[in-house]
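Student: Residue numbers (my numbering), protein chains in the order written: chain A, 1 to 572; chain B, 1 to 319.
Pulled a few chain A residues facing chain B out of the computed Cβ check, cut under 10 angstroms:
hint	residue
1	269
2	292
3	293
4	294
5	296
In the DSBU-like style, the derived pairs of lysine-lysine whose C-alpha atoms are separated by at most 30 angstroms in a straight line are:
hint	chain 1	residue 1	chain 2	residue 2
6	A	519	A	506
7	A	552	B	159
8	A	557	B	159
9	A	222	A	506
10	A	98	B	159
11	A	195	A	217
Listed next, the stretches of chain A that the computed footprint assigns to chain B, with coverage defined by at least 3 CB atoms under 8 angstroms from CB atoms of chain B:
hint	stretch
12	108–120
13	305–314
Simulated from the structure, these hints should not be mistaken for laboratory data. Glycine residues also receive a C-beta, built at the ideal position from the N, C-alpha and C atoms.
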Amino acid sequence: MDATPSNAPEPAPSVGPESFRSAIPALPQGISRRSMLFGGAGLVVAPWILAACGSSSSTASSATSSASSGAAGGATTSAAAGAPGSTAVTSGASGAAKSGGTLRIARPPASTVETLDPASSLSAYEYLGALYSRLVKQDASGGVAPDLAVSWSVSPDQMTWTFVLREGVTFHNGKAFTSADAVYTLQHILDPKTKSPQAGVLSPFLDSSGITAKDAKTLMVKLKSPNAEFVSLLMNYNCYVIPAGSAATIGASGIGTGPFSLVSFKAAGKGTVKANPNYFGGAPKVDSIEFTAIADVQARVNALLAQQVDLVAQTNLDFATAKTVTASSTATTATVKNAAWYVMPMLYNAKPFTDLKVRQAFKMAYDPQEVIDLSIHGLGTVAHNNPVPPTDPNYLNYSVPHDPDKAKSLLASAGFSGGQQIYTSSYEPVMSILAQAYQSSVKSSGLDISIQTASADSYYTDVWIKKPFCVSYWYTGRPVDQLLNQIFRTGSSYNESLWADTSFDKILDSARKEADAAKRKQYYQDAQKILVDSSASIVPFFADRIIGLSKKVVNYKEFGFEFDYVNIGFGA
Amino acid sequence: MLGKLMARRLALALLTIVLATVLVFVALQALPGNLATQILGKDAPPDAVAQLTAQLHLDRPGWLRYLTWLGGAVHGDFGTSLATQQRVVSLAGDYLRNTAVLAGITIVVGITLAVILGVVAGLTRDRLPDVLISGLSLIAMSVPEFTLATLLVLVCAVKLAWFPAVVTDGPDASLGTILHNVPLPAAALSIVMAAYIVRMMRTSVIDVMASEYVAMATLRGLPRRRVLLHHALPNALLPALNVIAINIAWLVGGVVVVEAVFNYPGIGTLMLTAVHNRDVPVLQYIAVIGALVYVVSNLLADLAATALNPRLRTPARAS
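So that you can see chain A by itself, here it is in the shape it has in the complex (with noise of 0.2 angstroms):
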């Protein structure tokens, strides 16, 4: 068990990445997870370890990975995506909860500085889909789904979107939402002062001059340039919606639209939020929650097991964990599907990656099916170096396929003698044994890795985007816009390989353009492909996330960056 540092908190920074917030790459997690990093790249997170065999027992862990098969043949290019379904989660137990209780719920702090402005870096992430709402939210299939904004419609052009804005909200001190709330808050995001890193995805097509109240319910927004996808992006957890005029209050007021409304709240410490009956969408279950900030996650579980709480929140247990948790009699496991994408970035400008040959080969070199197998015993689904989830309605089917003769020959075509570095850490406890795994499935391909460990909590500042090749991880349930423009886009400052293909960005913008639902599909699809075959990332897997609750709890749901927080409530 480590107790100890090392990880903790997630550390860290902002975000953390045992967040699964997501951009935001977490802290060690000892320490303040989130704490302040970087501002917001999440980077997921969470802490598995994975240990050993076996499948983990009880309850709920429905840690099937409809693992899509690994090596199979020839490239095949299919359409994918079928029924989006059901990323989401398994959860402990279902049924009727009965009203009433106080949840009592363990979070990793964000850090000693953290706030409850949703756009900032530092928020406490699991107070804001209690407090606030937002104009709109995913739904469990990765669509978007109406919150605040009741519908929308987009111009011909892409360029002006319209919003109508759900009647009859009040926020939790009374004062009545309008479209004045949703304005302010849009350029809150975007003001530099807020440092949102949501500004960085919404301003390259978007200023605070381009967003109206039409009137008191009709929201519009000028972009500077087509984005058919930008509603997708609203339902990011920075764009939650605060009362206009709040900048410089919301941080500690709290004053939402949302489920709950702020009791007390104290940085990296203890704070409750108390049902609001009037809430739009049902009142919630439970009376009250009660966060408590726990930095260590061994900690985290241990007051779990002691019953001082009752739901672990944005803490992955490890496999050996989480056969203690399903031991216990009091406690269980429930599993969010796919809920993070770890990755191996290889930097564009630095030699050997320079040459496509290279990285092809380091894309075919490996078994996936044996390298999630070593890492998180199978606990997730093959990903063939595709950044977009299975149950993403983008998602395109199609694998180069593993072939150990083939990387060997493009290396020696290339001249690539065979020796490479990688970078990890242990600020995720995957991110060491994938990079372990990864080395040893190379092996029958001629390659020769060494691997480095650098110090944790200087790992995304001093190796991330510095060092030609390392292990790196991220939350899911970014839109597929999102996704593709914030971390592979040429230039953009999530873009951890420095990868740059002008065809690529073009099919962004293409897609950004197009009007057409199905041949918007089709660029996002294309973009995969080129993914697939050409980027400077390696992307293994997806990855489960298990997290501990009480065997009391039922109805938790949780996925992408959704976290039911109405219907969770306590068994009759």
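For this one, chain A is given, so just place chain B on it according to the hints.
Tutor: Leaving out everything else, chain B in the frame of chain A:
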């Protein structure tokens, strides 16, 4: 004579504290990463980083920043936390109180336990009580404190539910809450700390009991209890005093790990966060406190030794 000795000790103590702060400062400069990038995020524009760097005076040379800090510190001004902008002294106040409670209870319980067990072991040399006590203390010395802490949690909090497993309150928890939560962390620290002192006490009791003056006192027919309490014990404690002092200083560092396991809002927790944030003023303050504890506990051990042994009061003859 004694005055001169004390003056020398105090000067050394001061030097120790200053050296500790220099070492901490230098070590922090050697760590990769800096506060401005930690706060602003990895994709912050370079001019924003430069601006914050200047605002935090991180662009000034290290020696100048250190001297500035030292200048403030001698006037009792320990500066402002770079991460939270709070005054360091008030920021650390609650954490210090919590660690003081934990350390105080640990010291009282640990030393009492250790002295009693050490004496029992020494008096029953090689018989059952000694074998048990010596064996257990060897085990306690060998087990890392976080393993011990985790075992205590599993047994006393999870299985038996006697005590809470972790502290769910922040640093400003009420004293009542802290006292309610202190038993397990105090037990973990007491056990590790006591183990070392038990070994020392046992050896020392065996030596003293074999000495001529104890034999003499016994031969003269003094009651065994009087021999023990008035003659043997004070002399047996002498060699153990420095071990006790070192263990008290160890507490300041040892709590870091134990506090993490129990989510205990003490100085160790604050230190972890501060290291992570590269929050130099907070760490410097903790370094001063740690060095102070070290110096004072050693000083007290020497004074206690002097009190216990009249010969030490007159240095000329003692040597």
